[in-house]
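So the sequence lines, in the order shown, correspond to chains A and B. Numbering of the first sequence is given in the numbering used here, commencing with residue 1 and proceeding in unit increments. Numbering of the second sequence is given in the numbering used here, commencing with residue 709 and proceeding in unit increments.
Hints listed in this document are in silico derivations from the structure and should not be mistaken for laboratory results. In this text, all values refer to a predicted model and were calculated from it rather than measured experimentally. All residues carry an ideal CB built from backbone N, CA and C; glycine is no exception. Any given hint could turn out to be false.
Stated by the list, open to error - Beyond 10 Å from chain B on every Cβ pair, some chain A residues (computed): (1) T30; (2) A126; (3) T149; (4) A217; (5) A225; (6) Q252; (7) G315; (8) C320; (9) R386; (10) G604.
What the hints assert, rightly or not - Covered stretches of chain A, going by a simulated chain B footprint (3 or more residues, C-beta under 8 Å): (11) 422-430; (12) 663-675; (13) 679-692.
To be verified - Computed list of chain B residues with no C-beta within reach of chain A, every gap over 10 Å: (14) E711; (15) S733; (16) S777; (17) W779; (18) D780; (19) T785.
Chain residues, written in single-letter form:
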Amino acid sequence: MTMAALPHDFSRRVAASRSVGWVPLGISDTTARALHELCERERCDWVDGLVTMIVALFVRYLGDAEVAVAVVCGRAPLLVRVAAAGDTTIRALLYHAHRAVKAAEPAGSGSPIPILLEVGGSPPPAIPVADMSIHVEVGRLDGSLAFDTSLFRRVTAERVVSHLAAVVAHATGDPDQPIESLVIEPLERRLADVVEWNCTDRVLDRASCRVHESIAAQAHSTPDAIAVIASGCALSYAELERRSRALARLLQKRGAGPEVPIGVCAPRCPEAVIACVAILRAGATYLPLDPSYPAARLDLMIADAAVRTVLVGPGARFACPSHVTAIALTLDVFDGDAPLDAAVSPDHLAYVMYTSGSTGKPKGVMITHAAVRNTLAWMQDAYPLRVGDLVAHKTSISFTDSIWEILWPLMVGAQLAVIDEDKVRFPRLLVQELRRLRVAVTQFVPAQMRQFLDEVERTGVPDPLPDLRWVFNGGEALPPALAREWFRRFPRTLIANAYGMTESAIYGTNFVVEPADGEPVVLVGYPIANERAYVLDRHGQPCAPLCTGEIYLAGDSLARGYLGRPDLTAERFVPDPWGPAGSRMYRTGDRGRRSSTGEIACFGRLDRQVKVHGGRVELGEVEALLARHPAVLQAVVTARRDGADHVLSAYYTCRGADPGPRELFRFLSGELPSYMVPARLIAIEKFPLTVNGKIDRECLDREAPAHN
Amino acid sequence: MLEQRFLAVLRRHLPLIAPADELPSDAPLRELGLDSMATVRLVMELESELGVVLRESSLTTETFADAASVWDAVRKTMEP
Numbered sequence: 001m002t003m004a005a006l007p008h009d010f011s012r013r014v015a016a017s018r019s020v021g022w023v024p025l026g027i028s029d030t031t032a033r034a035l036h037e038l039c040e041r042e043r044c045d046w047v048d049g050l051v052t053m054i055v056a057l058f059v060r061y062l063g064d065a066e067v068a069v070a071v072v073c074g075r076a077p078l079l080v081r082v083a084a085a086g087d088t089t090i091r092a093l094l095y096h097a098h099r100a101v102k103a104a105e106p107a108g109s110g111s112p113i114p115i116l117l118e119v120g121g122s123p124p125p126a127i128p129v130a131d132m133s134i135h136v137e138v139g140r141l142d143g144s145l146a147f148d149t150s151l152f153r154r155v156t157a158e159r160v161v162s163h164l165a166a167v168v169a170h171a172t173g174d175p176d177q178p179i180e181s182l183v184i185e186p187l188e189r190r191l192a193d194v195v196e197w198n199c200t201d202r203v204l205d206r207a208s209c210r211v212h213e214s215i216a217a218q219a220h221s222t223p224d225a226i227a228v229i230a231s232g233c234a235l236s237y238a239e240l241e242r243r244s245r246a247l248a249r250l251l252q253k254r255g256a257g258p259e260v261p262i263g264v265c266a267p268r269c270p271e272a273v274i275a276c277v278a279i280l281r282a283g284a285t286y287l288p289l290d291p292s293y294p295a296a297r298l299d300l301m302i303a304d305a306a307v308r309t310v311l312v313g314p315g316a317r318f319a320c321p322s323h324v325t326a327i328a329l330t331l332d333v334f335d336g337d338a339p340l341d342a343a344v345s346p347d348h349l350a351y352v353m354y355t356s357g358s359t360g361k362p363k364g365v366m367i368t369h370a371a372v373r374n375t376l377a378w379m380q381d382a383y384p385l386r387v388g389d390l391v392a393h394k395t396s397i398s399f400t401d402s403i404w405e406i407l408w409p410l411m412v413g414a415q416l417a418v419i420d421e422d423k424v425r426f427p428r429l430l431v432q433e434l435r436r437l438r439v440a441v442t443q444f445v446p447a448q449m450r451q452f453l454d455e456v457e458r459t460g461v462p463d464p465l466p467d468l469r470w471v472f473n474g475g476e477a478l479p480p481a482l483a484r485e486w487f488r489r490f491p492r493t494l495i496a497n498a499y500g501m502t503e504s505a506i507y508g509t510n511f512v513v514e515p516a517d518g519e520p521v522v523l524v525g526y527p528i529a530n531e532r533a534y535v536l537d538r539h540g541q542p543c544a545p546l547c548t549g550e551i552y553l554a555g556d557s558l559a560r561g562y563l564g565r566p567d568l569t570a571e572r573f574v575p576d577p578w579g580p581a582g583s584r585m586y587r588t589g590d591r592g593r594r595s596s597t598g599e600i601a602c603f604g605r606l607d608r609q610v611k612v613h614g615g616r617v618e619l620g621e622v623e624a625l626l627a628r629h630p631a632v633l634q635a636v637v638t639a640r641r642d643g644a645d646h647v648l649s650a651y652y653t654c655r656g657a658d659p660g661p662r663e664l665f666r667f668l669s670g671e672l673p674s675y676m677v678p679a680r681l682i683a684i685e686k687f688p689l690t691v692n693g694k695i696d697r698e699c700l701d702r703e704a705p706a707h708n
Numbered sequence: 709m710l711e712q713r714f715l716a717v718l719r720r721h722l723p724l725i726a727p728a729d730e731l732p733s734d735a736p737l738r739e740l741g742l743d744s745m746a747t748v749r750l751v752m753e754l755e756s757e758l759g760v761v762l763r764e765s766s767l768t769t770e771t772f773a774d775a776a777s778v779w780d781a782v783r784k785t786m787e788p
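Put together the whole structure using the sequences plus the hints.
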């Protein structure tokens, strides 16, 4: 259970100038009388009834929660603590509240009070006594709600008041219903919000709906401009055009065409960029294969997608399976003049990207030209790149974020700068490289940004990247403190906190984090162009603002589904009742809520997926694999938070002798990309169980030795 | 003395080696759990604990292949 706090609009700042805003409660005498009668029937006090209503509202907002209500009723404030879950009935909650009020202790001073209830009080204070406070008389609900204006917008306070009124009305009408069934906002109002907050229709340069056509058009208009730079090499748009055309023709001769997957096994390099463009131009499907992945993993993807041709980049070790043709990529491809024609439509696949699957096998996400085109055109609309702007290509080609690093600059005449592996890894080298190249746009996962800022801090160079306009946060949630620190070092570089996943062709919503006086609240914002975002309850109905639910994404950027997995596709891509006929929405598995103005906040997962170094890991996949080792009986993998990152730990029981952590590390490293391999592998006698007989995962991390 | 302090720092970043285990100078550090993020943390800690600044030419994947090559990189910082 989490200690409850109301969803703030602004982060708490120590030095904030605080003032009080007021909203009248305006709850009718009839409703107040109903609550009063309920209290009398149950032999409870008026205060008990009010605490019940407040706790019920918190549970509707946050799910299961422990709520601390500060109560002022003629004497010094008392702290009333009540724990409740969604299935607790109002009558049961009233009983809990009654006992909690009796057992309440004097409220300590110092720590902030999320909610305060004052009954029959003196004139209202001029400075906030709590984040929000409710002031009423005995037996009446026509008092008011006071809110700290440094934390909340007025519209949020007004929503809270209307929700509270609905809670009292419905709870007193049927006290035997569970908290989760209280309707705090009529469905019509929630649906109206869904429509209003998803008005994203936007015509985004529809000149060409196929990605490679934009690149070819750019090559036509700025042939001499630099398209790709890397250490010791620069390619003009004309050269990119000529080489990708030649390679595309070569691929077509080998049977490449719509829906035919062509693998690219290469580190980041100009050759791989050409290969990606060439595959799209041939009308085929780009399928990135990271050469640092174990051969077994790559074989799985190749077999799963029925790949017959793999383009192998310089320096890539690729163990070519027998039925696959490997073609070595070079920059010198024979160039004929024959025209290139690919009968590919916007609904054909542009790429397939593999991501961790919970059942022990990676799954291929299928993205059409139309989908990726929508995301990229939105990016250009929201974060306009100018001709000559430099975009850093520093993400492994096996991650979805690499797609925009490659295609976006090339579609609009900007430059793509391939950053070497060592420079990506060592922040000291990266700072210098980004500075030397005068990079305009780059991206970090939070853990990388942390290390990058540590390095900038160490050198103390003021404003080391004056040309950097936007930094994209990727992979996982951006901690507000990290954002604040970013702005301290880079006051002119805004943070694009775009949110999405492989299944939404990279992005689904967007929020720009700007420098603020204190700590910015980091949201993921509103849906991007031609996309829709919903926060739905477990019955698939839109949640009222401030209520926690699951985030769904829908619209033009959505994936076609999972390759060869109609079952999984049907489970995650479900009909969208609010979109155009036949449209689907994707269940992200992320928990989130809307603010009173409709912006989405995302916090954590509903399932067992985590991000490690920004890479997506299904803990179940690692567990399934570890359990395949002959000496392992059972395995449980946990993810512990470590600053802006996660650390994976594997706990296992053995069939006989313990093979030892290093043997299991080698075993897993032969099957999984390195970010998916647990840093700690710990043999245990038996798994600790919860009272319900399930494996107690939290206990594992708490009690395991720090070292093997 | 310095080498001992070096080894102590290095071992802190190798989650797959037990305190009692020997650390062979040519054992692949990757197999002892040193991943890319941990490498960067190791650099920062070596520098602050040993009072050195690794040369930029030493910041490569090869340098962090095994204990011997990392120690080489540390010693290079003391050459003129």
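Quick rundown of the hints versus the structure:
1. Distance check on T30/A: its Cβ is at least 61 Å (rounded) from any Cβ of chain B, clearing the 10 Å threshold; non-interface status holds.
2. The Cβ of A126/A lies farther than 10 Å from every Cβ of chain B, with a closest approach of about 49 Å, so its non-interface assignment holds.
3. For T149/A, the shortest C-beta to C-beta distance to chain B comes to about 41 Å, beyond the 10 Å cut-off, and the non-interface label holds.
4. No Cβ of chain B comes within 10 Å of the Cβ of A217/A; the nearest lies about 38 Å off, and the non-interface call holds.
5. Distance check for A225/A against chain B: the nearest CB is about 31 Å away, which clears 10 Å, and the non-interface claim stands.
6. No Cβ of chain B approaches the Cβ of Q252/A within 10 Å, the least distance being about 37 Å, so the stated non-interface status holds.
7. Separation of G315/A from chain B is adequate, the least Cβ-Cβ distance of about 12 Å exceeding the 10 Å criterion.
8. Residue placement check: C320/A keeps its beta carbon more than 10 Å from all beta carbons of chain B (closest about 24 Å).
9. For R386/A, the condition that its CB be more than 10 Å from all CB atoms of chain B holds, with the nearest at approximately 31 Å.
10. Chain B leaves G604/A outside its interface by the beta-carbon criterion, the shortest separation being 21 Å against a cut-off of 10 Å.
11. Coverage of a stretch by a chain is defined here by at least three residues with a beta carbon nearer than 8 Å to that chain's beta carbons; for the stretch 422-430 of chain A and chain B the count is 6, and the condition holds.
12. Counting residues of the stretch 663-675 of chain A whose beta carbon lies closer than 8 Å to any beta carbon of chain B gives 5, which reaches the threshold of three, so the coverage claim holds.
13. Check on the stretch 679-692 of chain A: 3 of its residues sit with their Cβ under 8 Å from a Cβ of chain B, so the three-residue criterion for coverage holds.
14. Remark: the non-interface label on E711/B is consistent with the geometry, its nearest Cβ contact in chain A lying 22 Å away (cut-off 10 Å).
15. Distance check for S733/B against chain A: the nearest CB is about 17 Å away, which clears 10 Å, and the non-interface claim stands.
16. Non-interface call for S777/B relative to chain A: holds, since the shortest CB-CB distance, roughly 14 Å, exceeds 10 Å.
17. With a cut of 10 Å on Cβ distances, W779/B stays outside the contact zone with chain A, its closest approach being about 18 Å.
18. Even its closest Cβ contact with chain A, about 17 Å, leaves D780/B beyond 10 Å, as expected for a residue assigned away from the interface.
19. No beta-carbon of chain A comes within 10 Å of the beta-carbon of T785/B; the shortest separation is about 14 Å.
The earlier numbered hints are all upheld by this structure, with none contradicted.
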